[in-house]
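J.: In case you want the letters, here they are:
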Amino acid sequence: MTLIASEFINWSALWRIVLAALIGGAGVVIVFGFLLLGVKFANNAKSSGGEWAGYALAGVCGLICVAAIVLGIYAMAKKPSSKPAKKTAAALIAPSFRSSS
Amino acid sequence: MGSELILILVVIAGFSFDFTNGFHDTANAMATSIATGALKPKVAVIISACLNFAGAFISISVAATIAKGIVSPTVLVGGDGLELVLAALIGAMTWNIITWYFTIPSSSSHALIGGVIGATIVATASGDVNWHNLVKTVIVPAILSPFIAGGVAALGTYCAYRLIRRLGQREARTGYRYGQIFSASLVSLAHGTNDAQKTMGVISLALIAHGDISAVHFSVPLWVKLGCALSIAGGTASGGWRIINTMGNRITNVESPQGFAAESSSAAVILASSYYGYPLSTTQVVSGGVLGSGLGKANPIHWNVIGQMLSAWVLTMPGAGVLGGVAWAIADLFGAHSNAGAIVICLLAALAAFGLWTLSKRNPVTAADLDRTNVSPVEEAELAGIPPAIAAA
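If you read the protein sequences in the order shown, they are chains A and B. Take the first sequence: its position 97, counting from 1, is numbered 97 in my numbering, and each next residue is one higher. Take the second sequence: its position 120, counting from 1, is numbered 1120 in my numbering, and each next residue is one higher.
Hints in this document: simulated from the structure, not taken from any laboratory. Cβ coordinates follow ideal geometry from the N, Cα and C atoms, glycine included. It cannot be assumed that every hint is accurate.
[Stated by the list, open to error] Some chain A residues judged to face chain B by a derived CB distance under 7 Å, without partners named:
hint, residue
1, Ile9
2, Lys46
3, Leu57
4, Val60
5, Ala75
[To be verified] The calculated lysine-lysine pairs, modelled on DSS-like cross-linking and capped at a C-alpha distance of 25 Å, are:
hint, chain 1, residue 1, chain 2, residue 2
6, A, Lys40, B, Lys1297
7, B, Lys1042, B, Lys1297
8, A, Lys78, B, Lys1225
9, B, Lys1297, A, Lys78
10, B, Lys1361, B, Lys1042
[Claimed, not checked] Away from chain B, derived, C-beta distances all over 12 Å, residues of chain A:
hint, residue
11, Ala26
12, Gly27
13, Phe34
14, Ser47
15, Ala68
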């Protein structure tokens, strides 16, 4: 059973995808939540120190969210399927399969 | 002249398929943003259309293949190859329109692969399909991806609502609505990159087979890129309100933190798997994400809708395959490389599309039906099952 699963599933790639999804999915949701918390703390702060701390938290979280978006666009641009396909072109001169069927 | 006309029909069918892909898959990116009132429906689809258009140009080159490693490349070449690609596109497009009519989100990519496989089986009457690779590169990722996206979205939603206890409902609702616009935009961009380029690959293959562009120094002509980008953007802009309604409102009630979690998780899964060489169905991943966001908040889930969607997912490849095979068989009745056969299957597909579009007018879903931007917090709380006193906190 495990052998069959290994034949059809690339476990190494799967774990990487799960990890990336956890960081980019749940991680970003949590970081964005802290961004909102930072803004709320800053707005409700009674001292300038508290206000700055809130904005600092929001700023750092905002930067992390922007970095996640940039990373996503980088992944789109660098995906393996965007490499030029040279091999498939060689197969294009082929006889008609109708005559043999 | 025969193959030239078929080539023209392949190009038209390719652009038409991209159009159906656009309106079928708008829901993937924008359904939750519309459902939570983060964006007005028409604004959402216009943003999505622009990003789909931009996404089509993000990566410079395109793999000149469809169903790579699944169907022998030799069946997709020459005059027969052109007809086979035409039959496959017609099968996939017709399946997209059928599932749109029944308001079910299904995978356009799987429909295209199914169309190619079905037409190949009928055309060659042989084993030119690599079933092992089909299971490995399409079916297994299709089974796993909704679970991964769903699990991550459930975790994200659970954490978001833990934070909301400190934030307050109103701040959370407003804040996560802004976040949703970015996460949904990223899904739109990824959709444009993945799906517009699939059709670019199909049309480029047809042009190579016809001898219009070089097979050795392969590059996608600019008019093909523009045509595909405009087609998918045009389809996206036209709405696809029926499927948006299913994805955004009928699976579970979605609030802005859930929508943000669902879209972020889906974007992460789609981009990570695409980067590691496993392009997935955007539809299935986002559906998993929406379901997960409902489970993460312990919302009621409409399992009957999930059942309909699962049935459609299971049936997509065989269904599009049967339609592709039938299209090939009808064209083949008129003889090899026959213009008449190609014209007949195109006309039949157009007739079927028109018939389903006319039938859909009996039970229309419009942008106005889905607009939630003017829903008050109390009404929204009632929809979500939150007592008004807590919602106003």
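J.: Confirm or reject each hint.
T.: Going down the list of hints, with the structure as the test:
Residue-level restraint check for Ile9 (chain A) holds (minimum Cβ-Cβ distance to chain B is 6 Å; threshold 7 Å). Because the beta carbon of Lys46 (chain A) sits about 17 Å from the nearest beta carbon in chain B, more than 7 Å, this interface hint is broken. With its C-beta approaching chain B no nearer than about 12 Å, Leu57 (chain A) sits outside the 7 Å limit, and its interface hint is violated. The interface hint given for Val60 (chain A) is violated, since its Cβ lies 16 Å from the closest Cβ of chain B, which is over the 7 Å cut-off.
The beta carbon of Ala75 (chain A) is positioned within 7 Å of a beta carbon in chain B (closest approach about 4 Å), and the interface hint is therefore held. Of the pairs offered as hints, the one joining Lys40 (chain A) and Lys1297 (chain B) holds, with about 23 Å between alpha carbons and a cut-off of 25 Å not exceeded. Of the supplied pair hints, the one linking Lys1042 (chain B) and Lys1297 (chain B) is violated, its CA atoms being roughly 28 Å apart against a limit of 25 Å. Between the alpha carbons of Lys78 (chain A) and Lys1225 (chain B) the distance comes to roughly 18 Å, so the proposed pair stays at or under 25 Å and holds.
With a C-alpha separation of about 35 Å, the suggested pairing of Lys1297 (chain B) with Lys78 (chain A) is violated against the 25 Å cut-off. Taking the CA atoms of Lys1361 (chain B) and Lys1042 (chain B), the gap is about 19 Å. The hint holds against a cut of 25 Å. For Ala26 (chain A), the condition that its CB be more than 12 Å from all CB atoms of chain B is violated, with the nearest at approximately 4 Å. With 12 Å as the threshold on Cβ separation, the claim that Gly27 (chain A) sits away from chain B is violated: the shortest Cβ distance comes to roughly 8 Å.
Not every CB of chain B is more than 12 Å from the CB of Phe34 (chain A) (nearest about 7 Å), against its label as outside the interface. Residue-level check passed: Ser47 (chain A) sits 19 Å from the nearest beta carbon of chain B, beyond 12 Å. At roughly 8 Å, the least C-beta separation between Ala68 (chain A) and chain B is not larger than 12 Å, which violates its mark as non-interface.
Checked against the numbered hints given earlier, the structure breaks hints 2, 3, 4, 7, 9, 11, 12, 13 and 15 and satisfies all the rest.
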